[in-house]
Each structure stands twice: as structure tokens, then as C-alpha cells.
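Got chain A sorted already, so can you dock chain B onto it with the hints?
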Amino acid sequence: MSKVLIIAEHDGAKLNAGTAKCVTCASGIEGAEITVAVCANDASSVAAQAAALKGVARVLKLENPVHAHALAATIAPQIAAIAAPFSHLFGPSTTFGKDLMPRIAALLDSAQVSDIMAIESATRFRRPIYAGNAIVTVETEAGAKVIGTVRTASFEAAPAGGNAAIESADSSVALPAHTRFVSLSAAKSDRPDLQSASRVVSGGRALGSAEQFQILYRLADKLGAAVGASRAAVDAGYAANDLQVGQTGKIIAPELYFAVGISGAIQHLTGIKDARTIVAINKDPEAPIFEIADFGLVGDLFQLVPELEKLL
Amino acid sequence: MKRILVGIKRVVDYNVRIRVKPDGTGVATDGVKMSINPFDEIALEEALRIKERGGAEEVVVVTIGPADCQQQLRTALAMGADRALHVQTDSVIEPLDAARVLLKLVEREQPLLAILGKQAIDDDNNQTGQMLAALWSRPQATFASKLELTDGKATVTREVDAGLETLEIDLPALVTTDLRLNEPRYVKLPDIMKAKKKPLETLTLDSLGIAPRQRLKPLRYAPPPQRQKGVMVKDAAELVAALRKRGVV
Numbered sequence: 001m002s003k004v005l006i007i008a009e010h011d012g013a014k015l016n017a018g019t020a021k022c023v024t025c026a027s028g029i030e031g032a033e034i035t036v037a038v039c040a041n042d043a044s045s046v047a048a049q050a051a052a053l054k055g056v057a058r059v060l061k062l063e064n065p066v067h068a069h070a071l072a073a074t075i076a077p078q079i080a081a082i083a084a085p086f087s088h089l090f091g092p093s094t095t096f097g098k099d100l101m102p103r104i105a106a107l108l109d110s111a112q113v114s115d116i117m118a119i120e121s122a123t124r125f126r127r128p129i130y131a132g133n134a135i136v137t138v139e140t141e142a143g144a145k146v147i148g149t150v151r152t153a154s155f156e157a158a159p160a161g162g163n164a165a166i167e168s169a170d171s172s173v174a175l176p177a178h179t180r181f182v183s184l185s186a187a188k189s190d191r192p193d194l195q196s197a198s199r200v201v202s203g204g205r206a207l208g209s210a211e212q213f214q215i216l217y218r219l220a221d222k223l224g225a226a227v228g229a230s231r232a233a234v235d236a237g238y239a240a241n242d243l244q245v246g247q248t249g250k251i252i253a254p255e256l257y258f259a260v261g262i263s264g265a266i267q268h269l270t271g272i273k274d275a276r277t278i279v280a281i282n283k284d285p286e287a288p289i290f291e292i293a294d295f296g297l298v299g300d301l302f303q304l305v306p307e308l309e310k311l312l
Numbered sequence: 001m002k003r004i005l006v007g008i009k010r011v012v013d014y015n016v017r018i019r020v021k022p023d024g025t026g027v028a029t030d031g032v033k034m035s036i037n038p039f040d041e042i043a044l045e046e047a048l049r050i051k052e053r054g055g056a057e058e059v060v061v062v063t064i065g066p067a068d069c070q071q072q073l074r075t076a077l078a079m080g081a082d083r084a085l086h087v088q089t090d091s092v093i094e095p096l097d098a099a100r101v102l103l104k105l106v107e108r109e110q111p112l113l114a115i116l117g118k119q120a121i122d123d124d125n126n127q128t129g130q131m132l133a134a135l136w137s138r139p140q141a142t143f144a145s146k147l148e149l150t151d152g153k154a155t156v157t158r159e160v161d162a163g164l165e166t167l168e169i170d171l172p173a174l175v176t177t178d179l180r181l182n183e184p185r186y187v188k189l190p191d192i193m194k195a196k197k198k199p200l201e202t203l204t205l206d207s208l209g210i211a212p213r214q215r216l217k218p219l220r221y222a223p224p225p226q227r228q229k230g231v232m233v234k235d236a237a238e239l240v241a242a243l244r245k246r247g248v249v
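Protein sequences, first through last, are from chains A and B. Under the numbering used here, the first residue of the first sequence carries the number 1, and numbering increases by one thereafter. Under the numbering used here, the first residue of the second sequence carries the number 1, and numbering increases by one thereafter.
It is worth saying that the hints were derived from the structure and are not from the lab. Accuracy of the hints is not assured; some may be wrong.
Unchecked claim - Once the Cα atoms are required to be at most 25 Å apart in a straight line, the calculated DSS-like pairs of lysine-lysine come out as:
1) A/K54 with A/K14
2) A/K222 with B/K198
3) A/K273 with B/K21
4) A/K222 with B/K104
5) B/K51 with B/K146
6) B/K229 with A/K273
7) B/K104 with B/K198
Since we're looking at a predicted model, the values are computed, not measured.
Chain A with its partners taken away, still in its complex shape (with noise of 0.2 Å):
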């Protein structure tokens, strides 16, 4: 039988919608047994939320002071630790589970499937290549680990409803103390975290100055939508680069998707097509960005953003 474990992603407070993620990816292995491990300072409240998801069977908290900010130097030597019962281990594929899981799977002699899209079965897995241009179906070794990170955009949050037992974990393995937490300064707002937002405004290139792109923020308001950018508009200087949508920033998948004077290129079309509906507004009628729109509107940005504004 699969045994799955899962390693948390939270930020001391609030459990991550990847872990969610993660749960229903793992669901995909016929028989799998999920536990979720919860690396924290003080883990009460983060494993309380796991512990209440569809799907988890077992939560394991693991406490130590230099948990209070995660960091894969100190959590992959302690979930190796732990690692020996289980056949699988997941993470989200976001920067937490990118930075720390490969760090896992060295320490336990383990290859990593990373991005998993699909789950065949408990060996085989779909993964995107060349940045989304190809699928590839690989399959792990027989009787070995499978290290992994799941690809958020890929899997609806498991929902609540579960009750699962919540245990201590013995956690005095030796941490090294070479890595040592600074500072995050993370962009405050009171938009919808552009991650997990079910509407996404995103700007590009067109906008034209950081003063312009925020004519973006007001349709985002009106929509209740988080606001993104491509990756021109973020190294234009437009956009903070945490908004970037694309292959090497965000992959998103919101039921709705304005894409702004953003002309589509294959990196940041790779960051949106799990998205439900998008919505393209562009000047120039040939750009690529409407061969996968769902609705397409060539004009004026600076002219139809206001309206669109008005009659939403």
C-alpha cells in the first residue's frame, strides 16, 4: 500500500492552499494513506487545519525553534529522519516545496519527479518539459522512494471535512545551524493572493509605466481580482516582480483571466492555461495571446480598461 507524506507548506499561522493541492494529487494513488508533516515553531494551528482536510489520515507535528521560518536546510535532514515508513513524499511546487524537496530526495539517495501534473499510478506520473511544450509520462523504480512536487495549478485544494489524528514527532535529530533566516519583505495588500486568486488581472509591456499599470488595480477592485503581470512588464520595472504570471514566475489557474496588453508569449501562456476563462484585450488583431482566449477584444487598453471598469 502507498504510503504518502506530505511536508506543509504554512507560514507559522495558516496552512498553504498547495498543501490541499498535494492531498488531492496524492488521493490519485489507488489506497494511499496520507500523512501530512507540519515543521513549526509551535505547529498547534497549522496541523489542526490539516488535520481537518478530506483525505488526510495522520497529521505529525514536528516542533523546534528553528522551525519559526522554513528553511530546507533545517526541515530536509529532519523529514529524512522520519522519511523511512513511506513511499511517497510530496510538496507543492512552489518555492518552499521547488527549494526543499530535492533537498530530501538527495539526502535519501532518491531521484524527484518534479511538477506532477497527472497520476497514472503509484510509479507513473505526467510532468511538463520545455517549459509546458511537452508532456512526458515517466515511471520511478520499482520497490523505490518517490520524491515529488505537485503542480498547484494542476489539482483542486482537497476540501474539508476530514478529522484526522494529530501526533508529535520525535524531532531531536541534529539541525545544522549554517542557514540562517534574515528577513521577508513580502508586498502587503489586501488583494486576493494572486497564487490561489479565483479572478487574475495581469498587465504587460503595453501599459506603458508603473503610473499606467495602475489602471489595472482599479479593474482588479471592481472584479475583486488579484493583479499579476508578464514577465516584460515586471522587468520593464511596471510591476513587482511577485506578480509575475508565466513559466519562470506564478503558474495560476483562476476561473477568470484578463490578460492586458500582454502579447502571449509561450512563457507566460504556460503560466495560464489551466485557467477556466480567459479574457484577452490587445491593440494588435495578430498577437498570440488570442489563439488560446476564450474572448478576445482588440483596441485600446488605456480606452477600454475604463469602460470595462464602468460596466462591470
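Only chain B this time, still in chain A's reference frame:
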């Protein structure tokens, strides 16, 4: 000597639109333009800048792969690397084996810093750097957008989902690069000529005591599912009406 080791990978050029072979056995790469993985170019640029600021004395660039990879090593030497190591092999090298090879070279070269791209744009694995750091039992700072060396330590700003995270790590350490760390320099013709005289050492997996093993078997390759082209609307009012009809606003 204060040394920086930079890992580079030969990959299909960023601008090539790749195709899956019709029989699903792989991606067609015959005759397409090959380049240094863009993130690795950023890694090399950062190493060169550290050296130019006096933070290191030597930049050593390494790659693992077939004979053709020497083209990319020569480009790296032309950019300014001091010498190159080519671990020549035609075997499939998964990230864990790449990390094992790099560990051997790190033990040999004793760098204060190993810098790699955060991921290669072919397999998109994003694993090798973290695996090297684990096997080396040293700090890792992945997805770096700023790197400062002081006195046996590095302060690294990382691009994370929540914003920008800053870590302090003891050296030696492993850093992987994100896009905004720097903009790599262009290679000038005289540098290409000079690079031909720089040392390039060829090594074998055998000589390093590494026997690679393919642990993930690719079964089949497929093109991604395509989204259907939708409809064009003529103005903002028609767009809003269409979205209302679909029930998304």
C-alpha cells in the same frame, strides 16, 4: 585560492520552438540551435562580477555531457571564466547524478561558492543545485536575485512566492540564480580568440568514480493539450455581456 565553481548545461536555445516527435519517443532536437542554459549564463555572469569586485580569484566553469558541450564551455571561457572542466559522457545524467558529479568536483576544487542556474529550460527539473547542497552538507540559497559576499558569509535575497526573502549563509555554499540577478554580458570577438587558449580539462565519470543510473524512465512524450481559440468581441459592452452569459462575472 578563492574560487567559484559554476555549473552550466547545454540546452536547446531559448528561442527554439520545440516539437514532440510524432511517435512520442522524445522531443525533436536534431539540428536545432543549442546554447548555455540561460539561468546558468546568469550564474556565470554573477561569478565573474564577484571576481571583478575582488571577491574571488578564479572562476571555474563545469559541464557534464557529450563532446559537443565544449562549444558552450568555450563560450563560457569567452565570457570570462578562467578555466573549464568537461565531464564527458553520452549517458543520460539525471539531477541526482549531476549533483554527485558536481560534489566530486567541489571536493577537488574547494570553491567558496558553487553557483548554478535554478533550472535547465529543457527538463525544467529545478533540482541539481539543491541536491548538490544536500550531498555537500552545505547551505543553499536558491532563486537568488541579489548576492553579497562578506567575510566568510553570503547574504542572499531570494525570489519567493511571498516576495523577497533574505538569508545569511556560511561559506562555502550553493547558490542558484533567478532571472533578475543580473543581465549577462555579450561575448566580444577578441575574447572568443582568447578563450581558445584557456585551459579546458576533460574528465570521465569513471575517473570521478561515478556510475550513473537512470532512475526515472520516460515512457512517452506528448504535446500539451491545446486550448481552443475562442471568439472575438467587438467592444467592451459585448465582452461584459459574454462574460455575464458565461456566469463568470
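Hint-by-hint comparison with the structure:
no. : hint               : in the structure
1   : A/K54 with A/K14   : holds (17 Å)
2   : A/K222 with B/K198 : violated (60 Å)
3   : A/K273 with B/K21  : holds (22 Å)
4   : A/K222 with B/K104 : violated (57 Å)
5   : B/K51 with B/K146  : holds (15 Å)
6   : B/K229 with A/K273 : holds (12 Å)
7   : B/K104 with B/K198 : holds (22 Å)
Comparing the model with each numbered hint stated earlier shows that hints 2 and 4 do not hold.
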